[in-house]
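**Student:** Going down the list, the sequences are from chains A and B.
Residue numbers for the first sequence follow the numbering used here, so the first one is 1 and each next one is one higher.
Residue numbers for the second sequence follow the numbering used here, so the first one is 320 and each next one is one higher.
If you're looking for bench data, these hints aren't it; they were derived computationally from the structure.
Do not rely on the hints blindly, as some may be mistaken.
To be verified - Here are some of the chain B residues that sit facing chain A, going by a computed Cβ distance under 7 Å:
| # | residue |
| --- | --- |
| 1 | Ser352 |
| 2 | Asn375 |
| 3 | Pro377 |
| 4 | Pro382 |
| 5 | Ile433 |
| 6 | Val444 |
| 7 | Arg449 |
| 8 | Ile469 |
| 9 | Asn540 |
| 10 | Thr541 |
| 11 | Asn570 |
| 12 | Phe592 |
Said to hold, decoys possible - What follows is a set of in silico ranges between Cβ atoms, one per label pair, in the way DEER data are often shown:
| # | chain 1 | residue 1 | chain 2 | residue 2 | range |
| --- | --- | --- | --- | --- | --- |
| 13 | A | Lys263 | B | Ile381 | 26 to 34 Å |
| 14 | B | Ala525 | A | Gln207 | 20 to 28 Å |
| 15 | B | Gln391 | A | Gln207 | 44 to 52 Å |
| 16 | B | Asn376 | A | Val225 | 39 to 47 Å |
| 17 | B | Leu461 | A | Lys67 | 15 to 23 Å |
| 18 | A | Thr166 | B | Gly487 | 55 to 63 Å |
| 19 | B | Leu506 | A | Ile160 | 37 to 45 Å |
| 20 | B | Gly581 | A | Gly169 | 45 to 53 Å |
| 21 | A | Arg310 | B | Leu506 | 54 to 62 Å |
| 22 | B | His604 | A | Ile160 | 38 to 46 Å |
| 23 | A | Pro73 | B | Gly581 | 26 to 34 Å |
| 24 | A | Ala222 | B | Trp339 | 54 to 62 Å |
| 25 | A | Val173 | B | Asn376 | 44 to 52 Å |
As the list claims (entries may be wrong) - Here are the simulated DSS-like pairs of lysine-lysine, each with C-alpha atoms no more than 27 Å apart in a straight line:
| # | chain 1 | residue 1 | chain 2 | residue 2 |
| --- | --- | --- | --- | --- |
| 26 | A | Lys67 | A | Lys263 |
| 27 | B | Lys554 | B | Lys447 |
| 28 | A | Lys124 | B | Lys447 |
| 29 | B | Lys341 | A | Lys124 |
All C-beta atoms in this analysis are idealised placements derived from N, C-alpha and C, irrespective of residue type, glycine included.
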Amino acid sequence: MIEAPVRIPPAAILPESRLSGPERFRRWRQRNRQAIEAWVLMLPLLLYFSLFFLFPFVSSFLISFVKWAGMGPPPVWVGLTNYVRWLTDLYYLQAFANTALFAVAILLLQTSIAILVALMLNTKVWGRGFYRTAWFIPGLTAASVMANIVGLFITPGTGIFSLMLTKLGLPDVIFYMRPDLMRMVIIVYSVWRGVGGGVILYLAALQSIHPEFYEAARVDGANRVQLLRYITVPLLAPMTLFVLVTGIIGTAQIFEAVQFLTKGGPQNQTNVLMFAIYQEAFSNGSLGMASSGAILLGLLLLVSSIINIRVMTKGRIQD
Amino acid sequence: MDRAVQLPTTSRTSRRKFPWGKVPLYVILIVSSLIMLYPLLVMVLGSMGSNDDYINNPNLPIPYHFSIAYYQLIMTPGATNQSGGLYAGVAKSQADFLRLVLNTLFRITWYLVITGYTSVVGGYVLSKLRWKGREGVFTYMLSSMTLPGIIYLIPTYVMMARWPLAGGNDIFGQGGSGFINQWPALLITGLVNVYFIFMFRQTMNAIPIDFEEAARVDGANTFQCLFNIYLPMLKPVFVVLFINTFVTLWNDYIWPLFVVSGNHDLMPVALGFQFLAMTAAAAAHLPPNLPPYGFQFTVGVLTVAPCILLFLFLQRYFVEGVQGFAIKG
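Bound-form chain B, shown alone (with noise of 0.2 Å):
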């Protein structure tokens, strides 16, 4: 990033001449990223205004009636699934920002947990330990990307819903609905994450065996090099592997709407917000004609913030994320 960034011409020049040939340039740039940002903004906007702000100007909902009742009320615990009337039905699956916001955290955090470990284990014996069939056991899992991941969408379903001794189902499977419905479905896929593991490994060669062999000769076993000597060399690496999972679980969408769909309780947010806004709406007795917009641009901010905010904080370690560890090499 930095290349592009020189020493600046003396003071005096640069007052002199007004690069004029530099304005189409700054008038493309500045414009087309207002167009990018624009749906977000409408969004920010006519979450904080009335309805009737969005209904005068769509296209700009300037919020004369400022107000943040909408967050209040989504934000709320149990605010939103306590009402009556034409939305009872939807309102009684409890449709409830916080849950959908612990459902998801608490899934990201199983994931964090078990992936980091699967990865940074795999990574270390895959990279560091020398024995027969590392590269066979390596080329196994790595052949597991050679077909896209939607093949196994379907017989993962069902895999869930055969699951046996679940949810009702017998011995082989049959009879109930198995993880349909229940946490593990959300829970047990993709624990072993191969590109993760790949990731891992890759940077786990770069990094000289000599650290690990003076820690054995002060008699350190595997795990203690592993977590004393390893860990902190890999932190790039983790952080890389927690905005992935972050994003990706905060975001997911399809999976989710394949196995718990008939379960308020344990959606996450992708999944939920389409019923959160008709809830608040019941619960804030809008007229039912009236479609909640207020509503829907508050849950559209809530649930798209999250990912926003990390970026912002932590850029350095997305861009390193989209460029891979595998094109650097």
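Isolated chain A, as found in the complex (with noise of 0.2 Å):
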């Protein structure tokens, strides 16, 4: 690191001790200007940083061990009990097994349709940038606006579905009181809004793919399948496990869908941890319950969160 010269002061040639207070003060700033520098930038972002990482970290887990509705009086500790009752109530188990079929569900389309999309994409047709922005769109929209829309496509009497179940002379479904079909939705228009980062990340993995690869094996013989057996699939591997690892963590706290075509309903079948823990701190008054729930949620994506970060700092998708 080269400083800017500066011009050496008589002084600089006596031994430190003989120096002045403020110039023994200037040869040391002088010094340590970067350190100096990299911690008056670096300490308030790091005090702030603290304040709102380490604070919260902590008291989560210590939320977790009362009964607590946030104000009136003060909390008591109940041990255990929190988690005993995410873990064994009935209720609570739903909404682990809904939320892990949502996510499961949800993910495998997301990605099968994202790859299948993104394969037909990479050829040569015309209107691409057509295709990619309609595939793309629906991510950028307010999950809250846009399932508060699919909403009236369900509903009975005068959504798009009674309509051609009438027109087909079947009789009408209510969509509400069906769990099987509500999940359904739940799903589709999950999916709907998930896919389009998807498909622009196996683009983008497809298009990495040397043109070599293809034209060698193309001298040996192979047929288009062959290639996409043999090249493709195996090349696009990583970017695959990349997608399913980092996408449980968006798919596992899904919340807006549910909150706004089913409310966890009919009768809990369709309520996920999200909307569990939302209405334990707002409905019930029940910070413990909220905090131990999302505790649980939260180590149970954390191996995916920690090859999130790997990925990250690494800058590749397999070590």
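Both chains are given apart, each in its own frame, so use the hints to dock them into the complex.
**Tutor:** If you want it as structure tokens, here you go:
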């Protein structure tokens, strides 16, 4: 590191101990310029960051062991009771099961559709920009707003599905009373919103495959299916691993779709962890339950989060 | 994107041989794209016709009675919060579209300025300055991402509610409601964004130190280096930061739902829109038994449009943002 040239004052040749105070300070400052600047710039950031990281981090665990509404009577230590309730009460277990079901179903559908669409878009087709835009746009919409609009589609009597059934002469279906159908609606809606990012990722992955691989294989007499099977699929595998592992973090926190479409109903059949946590905190006034639920969800996603950071810092998908 | 675009074969051959083999591909692509756009299409069409247009033909509400009355009413400042009657309770809550938009834009601007500063400074300090503890600080910040964000949600809410000496709280944070239903709750969390700092650090790592050294020889100080040398080179990263911040905050629903549900004056668009359709319908004196479809669609269009327009203008950067600087290394 080259410093700006400074005129060396005569005092510089004197030993340090014989210098005056200000001069010694000036030299010290010059020697440690980078460290001083780093700490001056970084300290406010670090203090702020610690306040909003360490404090919630520690209190999250503390709150999860108490019974507390957030205001009113002081917290009461209840030990592991909150956790035990999450893991034994059927109501909460249902939320776990639904979250797992939604997360896995959404992720698998989303990823497989994204691969197929990316493969199609990677060919020489006219109007690629339009298709890509059409697939990407749903992900930019507010989940809360569009869930509201989708709610209109399944309204009995005037919704699209009701109309189609009536046209076919079939009896109308009341979506809100059918857990299986509402689950499907939630999954389809979430896939609709979430698939675009995957398409873009896979397109990038496909375009980063060197064309020489294909040329070499073609020279060796490989047909198109073989090209796909022996070149494209293996080269997409790391990306797929990445998309699946990190995608679960997002899909497991599904919330808006449930809040706007079902509120967890009918009979708790579509309840998910995020919605249960929200209800514990604000409807049931139990921050302890909410916090312990959040911690359980966080622990379930721990492995994904760690892999996510590894990918971020290592800058590659496989080690 | 360009690799698949190859030079076309001569026009004569392409005219002679129609690519029949590609027809299924086109059918699939076009149909699937239309399906993806369908909910948005219904929303746009439904917002321009009358309620009857929608009820008569909900699967494709072609606006026979075309009007932009819904837009006019919703966009008129104050129009939606002066009504009485059935929705008086809601109407008093001032779910006013312009207000929601201004709230959201204010919040976005605030976060752009502050996180822009913290990210670029954090990235610079962690990338270009040599100091003891650099790796330690970096690891410390990254470690916050080990646990999913959901874990911080409840305690941060409690922190807002129990903030000392705010909203009637005493010095121990008891007695009042803290920052709940107040502006700070929407403005003071997440101002140091580890992901953005990381993004800036990675990009700055790729910029040689020579530029800065040359400037220092000419007598530039740290801030001059940062602003005159690095900032211009970091423009693409800033665009990604801008897009991420804008889309995330514009669509932000959960945190505002937690902290400002009780105050319509502070709500951002994605949270406040639920009340808009109702208040607008009341202001237009629609019969209360008729769901205000037109207003719901109009509010939907207005809420969704900004992010989509942003995408259409800044497509390249959106793609970059999704791919992440991380994956490219």
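**Student:** Name the hints, by number, that the structure is in violation of.
**Tutor:** The structure conflicts with hints 2, 4, 5, 9, 17, 21, 22, 23, 24, 25, 28, although it agrees with all the remaining ones.
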